[in-house]
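Visitor: Starting from the structure of chain A, add chains B, C, D, E and F where the hints point.
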Amino acid sequence: MTFTFLILAVIILGSALAAALRPNLIHCALLLVVSWLGVAGFYLWAGAEFVAFAQVLVYVGALSMVVLFAVLLTRQSRAELRVDAPETRRAVWAVIAGVAVSGVIGAAVFATKWDPAPVTAPEVTVRGIGLELMGAHAAALLLLGVLLTAALLGAVVLAAPDRPEKEEKS
Amino acid sequence: MNASPFTNPSTGAHVRSVRSDLPGDLMEVSMGPHHPSTHGVFRMIVTLDGETIVRLKPVFGYLHRNHEKLAENTSYLGSMPYTDRLDYLNSMTNNWAYARAVEQLAGIAVPERAEYVRVILAELTRLLNHTCLAGFLMQDCGCSGTPLMYAFREREKILDLFESLSGSRMMCNYQRFGGCRVDPSADWLARARQLVEEYGPFLDEFEALLTGNEILLARTQGVGRLSAALAINAGVTGPMLRATGVNHDLRKVDGYGVYPRFQFRIPLGEHGDVYDRYMIRILEMRESLAILRQAFAGLPAGPIMNPAAKLRGFRPKVGEAYGRIEGPKGEIGFHLVSDGGPNPWRYHVRAPSFINLTILEDLCLGHTVADAVIILGSIDIVLGEVDR
Amino acid sequence: METLTQLRDRIAALFPAADVVLATNPSPSAQHALRLDATHARAIATFLRDDPALQLDQCTNVTGIDWPEKEVVDVTRTTVPDPAGGAPRVVEEKTRRIEPGRLEVVYHLYSIALSHGPVVLRLVTGNRTDAVTLPSLTPVWRSAEFQEREVYDLFGIVFEGHPDLRRILMWDGFKDHPMRRDYREPDDYEWEPTPHGDVLAKAKQHYPAPAPSAPSTP
Amino acid sequence: MIAAALTPDSFLERLPVLARDTVTGLLPESWCWLAGSLLEIIAILAGFGLLFAYLTLAERKILGRIQNRPGPNRTGWFGLLQPFADGVKALTKEDVVPAGADRVLHFLAPVVLVAVSLLGFAVLPFGRHLVAVELDTAVLYFFAAGTATELAVFMAGWASHNKYSLLAAMRALAQLISYELPLLLSVVPVVLVAGTLSTTKIVAAQGGWSLGFVPHWHVFTPWGAAGFGLFMVAALAESNRSPFDLPEAESELIAGHLTEYSGFKYALFFMAEYFGMCALSGMAVTLFLGGWGAPSALLEWIPSYAWFTAKLLVLLLGFIWIRATLPRLRLDQLMKFAWKFLVPLTLLNLANAAGWSLTAGWTGPLQLVRWAVALSLVAVPFVVLGRTLSAGSAPRTYRFA
Amino acid sequence: MSPLQGCLLLSAALFSVGLVIALARSNAILVLLGIELMLNAANLNFIAFWRFHSGAAPATGVIFVLFAIAVAAAEAAVGLALVIALYRHQKNLRLQEATRLRG
Amino acid sequence: MLGTGILQGLIVTAKNFVGSFHDPARYTTLEYPEVKPALPEAYRNFPFLVCDNATDPMGTLRCVACQICEKECPPQCIYIEKSRDKKPDATGKLQIYPAVFAIDTSVCMSCQICVEVCPFDAIKMDQVFEIATTDRYAALLLDRGQLTKPNAYFHTIHPTEAAEVDARLTADRQAAEEKARAAALAKAKTPAASPAPAAPVAKRDQTLESAP
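Residue numbers (the numbering used here), protein chains in the order written: chain A, 1 to 170; chain B, 1 to 388; chain C, 1 to 218; chain D, 1 to 401; chain E, 1 to 103; chain F, 1 to 212.
Treat the hints as calculated values from the structure; they're not laboratory data.
It cannot be assumed that every hint is accurate.
Restricting the straight-line Cα-Cα distance to at most 20 Å, the calculated cross-link-like pairs of lysine to any residue (SDA-like) are [said to hold, decoys possible]:
| hint | chain 1 | residue 1 | chain 2 | residue 2 |
| --- | --- | --- | --- | --- |
| 1 | B | Lys-57 | C | Thr-129 |
| 2 | A | Lys-113 | E | Phe-49 |
| 3 | F | Lys-15 | B | Ala-208 |
| 4 | F | Lys-87 | F | Ala-176 |
| 5 | B | Lys-252 | B | Ala-228 |
| 6 | F | Lys-149 | F | Ile-131 |
| 7 | D | Lys-61 | F | Ile-157 |
| 8 | B | Lys-69 | C | Val-75 |
| 9 | D | Lys-61 | D | Pro-72 |
| 10 | D | Lys-61 | F | Arg-26 |
| 11 | C | Lys-70 | B | Gly-340 |
| 12 | A | Lys-113 | E | Pro-3 |
| 13 | D | Lys-340 | A | Leu-152 |
| 14 | B | Lys-69 | C | Arg-184 |
| 15 | B | Lys-317 | B | Arg-293 |
| 16 | D | Lys-61 | F | Ile-131 |
| 17 | A | Lys-113 | E | His-53 |
| 18 | C | Lys-175 | C | Arg-122 |
| 19 | B | Lys-317 | C | Val-75 |
| 20 | D | Lys-340 | A | Thr-149 |
| 21 | F | Lys-149 | F | Leu-169 |
| 22 | D | Lys-89 | D | Phe-264 |
| 23 | F | Lys-15 | B | Gly-145 |
| 24 | D | Lys-61 | D | Asp-86 |
Derived, one-sided and incomplete: chain F residues facing chain D with beta-carbon distance under 10 Å [to be verified]:
| hint | residue |
| --- | --- |
| 25 | Ile-6 |
| 26 | Gly-9 |
| 27 | Leu-10 |
| 28 | Gly-19 |
| 29 | Arg-26 |
Where is the CB? At the ideal position from N, CA and C, for every residue including glycine.
One chain only, chain A, in its complex shape (with noise of 0.2 Å):
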């Protein structure tokens, strides 16, 4: 338990608690931004060099783009742009939920025994993902393809507006 792994965890969650009560949905999508780059940075802590800048660039490169265009596109006014605070009863729902999962994961986690962890992390080098990708995992990878090509084509189909005369711009 390192003073960086506390650090991250206090970025981490510390943005997502303030996105999930933040009023304005720009600073939620911000905040979770920063959330996501205490992610990458705990991956980056965690010796996985290759996920983190993955990690920022899927994330804060593309997700956070798009999620910030659907917001402005899906605006009417700036005053739209403040979203009704949750409802009181939705949201005691909703944190009940919520503190009973990870209560429950707690007491999963603090139950086990675990055993000893491994003092340096395992060597994987660019090469190795790669091979293994195109190796053992090859299936898999060719099925992502798929998925993500049909995935953008959902994506552009459900968003294209229905008069053919508009731009397309997502």
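Guide: Coordinates of chains B, C, D, E and F only, in the frame set by chain A:
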């Protein structure tokens, strides 16, 4: 929104398409009056759907100084320097149009040499205006000043000529009722001739810089299309009208001055879009060079002023006249009503920029903000003339 | 193109109820005009635009003119034969009458298709105060849109049927119509030290108190 | 021969490293790593800070010369003090935050932007021994670090509470979504051929010369030349430079996301723009132009970092030259250009590079075939796609009456 | 507490926060973002086990996370496309009002 | 092919870049305070009053306060008060002179109409344009003393026009003298005849008719 009579096809009027089903997520942007691309203090209240314009209302008058009221309190001669300040790029043609209106009102003849000099100066002014416009339009398209600076480099040379002839670069105050104020010297004519010879290569360079540029083509072609029918009905004149393919040039139609003596062609557009408007002006400059060469060759000797014309105490008889010439921006006309006094009873300027602005909204609808800027640029307005 | 007189007769035949007067222009320009009455103006304008022999498709210029009320001295000369048998005498009879004030809108029409013109149309209001409504010709010629707005703004002529009749050069809150001959600029200017005599005198009038900070209403 | 005596590891070549070691040698052992890193950071900040300062001056002077005017020449000898005068001016100007602005984001945007645009320098090999961080995943890191720049532009635009800025924010997002993809895809062929994501190894892969004067840089292969062109176009868009400076379109959106910024925050935006430009140019040098490698064996005695700087400056000059010439694209045209032109070309280029590396063993006449195929794979799609892209717009001929 | 436990607790907490966002907020985009957070929490677990638990294959955890990130990206793209379609349809993003599958 | 137009443009800018170092036709900028523009002779700026003798500027002012320029000035920036007494002018004839002659250069628009309408060649256009001041009001109101400049100065700035004016004035003066002499002669011959009218004011040419 106003109920629009334009939507009534039975009147035969030109319909302006106004979207009545404006969806909710619109943004209203007030572009101007201090916006770098509005060519002065001009304002467009633009309603945007995303970046697409669904409504545009031009607002102007920020430079309004009631030029016409001033003229009603000033003698006929005293209004001449004020006409310089209408379209401050084209003071020579403004002067000419005003002089022509007064000459029609009072029946003053103009000596032949003066007519030639007027043609020379008017064509130089056309070069000046179109060069500036090309530069400004490229600036609106997002060039970082380079075409504008090249245009200004050449414009300076013409302004130098104006300065050494009339004493002032822009506010020339040169034409008089019945002639011109100063007789150009042989030295001046030689310089002007040299400028004309050097202008063709400059135009070649300017065209090489941008006319074939793919980005410019993509930006300007098909943008801001104007139909010939709407252009005529909306009183659009000048290069804007000719870009729609209408063969209408007052130099040919009215044949005023000594224009009928010169051989020149009128370039005509086909699509009426921004690119056509730009190219028509470039081609017109080349025709102007041809006119200038002929005018230099044919310039007769003789007086520059009609000796019968009065400077002081000029009181035309009761009556009225509308005099117009083909200014670089379009038909510039002056409507004068005289009650026999030393000041005009009514003095009205038919400003081409002002009337060409009528169709701004029609051109911009359905285009983006970036297009609105270049469409406005291609209309070629000078706010001194629009607001008067 | 047919002469203006022929044109007037043709219009009179087509629109028998319309009152079309030939207004002559004594200046050397000889740009005579047709004065139309308000009720038929738009119909006649449409006819002028659409008639194949005229095709006045371009309305170049729209102007307002203000003619305030003025006293006119009409001189009628009558030749009276001298009863004594001498040379006939010319008797000048002077009558004074008040010519009522009116506002006038002038349209200059040209034909691009047939390259002729101008045909000048004039519309006259009843007076300068309450009967200042004229039909708008914007539905016929779009070019009149801004120009009629300008005339409305500067002269206060209300154009009926104009799609968007707002002030165009003056700001929306402005009250008066500055191109009218009897317009007096409001005494609202800011004082600034100027050596110009007139302005100085006006400033003294405007700010009777020595302190220029407290303007008084005139 | 002096040149031979100086290569490859001359004193000049090792000078920066030696300087660093001398300083860190003064400190206790446990501090060495920290001090070394700090020195590297300081060196990068100082070096690129100075480059930024003089790049602004150079841009203004070159633009001036292109436009037949002298450019800034009043402050100091030939205007050499102009950047500092600008800096003082920016620092002493009032910092205006518009009413209704999101103050926190408004403040954070320029800071984030500068911070993020500096990150990329960490993995650029400036010389044979000069790379701040040796990373196995350096290329991935570089692009991951660069992604947040448009996020900062968005923050600036959105937080300013200004409609022009908001439009700029939208444009920035759309532009990023469109250009991130071709930028990455144009890099992939290099990674594919070099077989590594490490920048130092990519540079090493381009070492050596044929006949002593034709370097094995990627730009001298058909796919590499195409990749370089595509990368530079995407880099232009990525760094918001003309003709893709849509978020900052001064003739349309006044200054877009910068409209409501003044004083030092405004200067920070400029700094970030130039840092981004430098970083992307540095990446292009690394990936395609052989990094710090000399163009000829005979010139190897010149220190590697000098070569890197020279190549970098040439690319930056290109940025300025293009800015001086071209008009700006419209948003929809920009996206069309990205999706219908750049992305297909980069994908084809990837296939081309794959074919190139598969046929590496071909010799003799087969080598000619290899070049012909690769060249046609570059040229034919370029012409065809270019034609479809610019369909309907061409110079026109006019009739006269 | 071992590092693994710490990581798992962090992951659990992050998952709960994501769950709370997804359940409590009514804006469709925020709900999507909550789900994204939950996915991230799961990824955290993979890396934690890969790093701090012996016996795993050397690259499995990393590759799992890579796949998960890719799937998450696809999910977000489709999700946001749905959001935009929803907005076009009902002019707001309140999920409570999106009660019909057919328009 | 896509890109050729762009390349063409790049070549043009490159040519201009290189040209700016060796081709004065391309590098057209003048650095103003150090390099002054060469003003053409016709250049006009604000008006000034011509006096014939530099040592006695007020005594030899050509202006006779006829106020034509004041009336004709379009922006009405000239302000003249006539004197109550008369002073002999350059030819020795008694004339009214301007007690106050002020031009508000903050209003003046340099149109040259005052020069054109002046029947006495008394007001001419100056070429001084560096008249920036820190005082917006008083410093821009030029009074009689500031406005008056000798004929020699007029010769330096507008030599051609000044020579014409001088020739015309000399001719007019001679004509007037001759006429006066003839009149005196005639008077001597026939003292009953009415005295000849005073010499008419110098007329520039036919285009200038006398003021209404």
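Visitor: None of the hints should be skipped; say for each whether it holds.
Guide: Structure-based check of each hint:
| no. | hint | result |
| --- | --- | --- |
| 1 | Lys-57(B) with Thr-129(C) | violated, 30 Å |
| 2 | Lys-113(A) with Phe-49(E) | holds, 14 Å |
| 3 | Lys-15(F) with Ala-208(B) | holds, 12 Å |
| 4 | Lys-87(F) with Ala-176(F) | holds, 19 Å |
| 5 | Lys-252(B) with Ala-228(B) | holds, 19 Å |
| 6 | Lys-149(F) with Ile-131(F) | holds, 16 Å |
| 7 | Lys-61(D) with Ile-157(F) | violated, 38 Å |
| 8 | Lys-69(B) with Val-75(C) | violated, 32 Å |
| 9 | Lys-61(D) with Pro-72(D) | holds, 6 Å |
| 10 | Lys-61(D) with Arg-26(F) | holds, 15 Å |
| 11 | Lys-70(C) with Gly-340(B) | holds, 15 Å |
| 12 | Lys-113(A) with Pro-3(E) | holds, 13 Å |
| 13 | Lys-340(D) with Leu-152(A) | holds, 16 Å |
| 14 | Lys-69(B) with Arg-184(C) | holds, 11 Å |
| 15 | Lys-317(B) with Arg-293(B) | violated, 39 Å |
| 16 | Lys-61(D) with Ile-131(F) | violated, 32 Å |
| 17 | Lys-113(A) with His-53(E) | holds, 12 Å |
| 18 | Lys-175(C) with Arg-122(C) | violated, 26 Å |
| 19 | Lys-317(B) with Val-75(C) | holds, 19 Å |
| 20 | Lys-340(D) with Thr-149(A) | holds, 17 Å |
| 21 | Lys-149(F) with Leu-169(F) | holds, 18 Å |
| 22 | Lys-89(D) with Phe-264(D) | holds, 9 Å |
| 23 | Lys-15(F) with Gly-145(B) | holds, 16 Å |
| 24 | Lys-61(D) with Asp-86(D) | holds, 14 Å |
| 25 | Ile-6 | holds, 7 Å |
| 26 | Gly-9 | holds, 5 Å |
| 27 | Leu-10 | holds, 5 Å |
| 28 | Gly-19 | holds, 8 Å |
| 29 | Arg-26 | holds, 5 Å |
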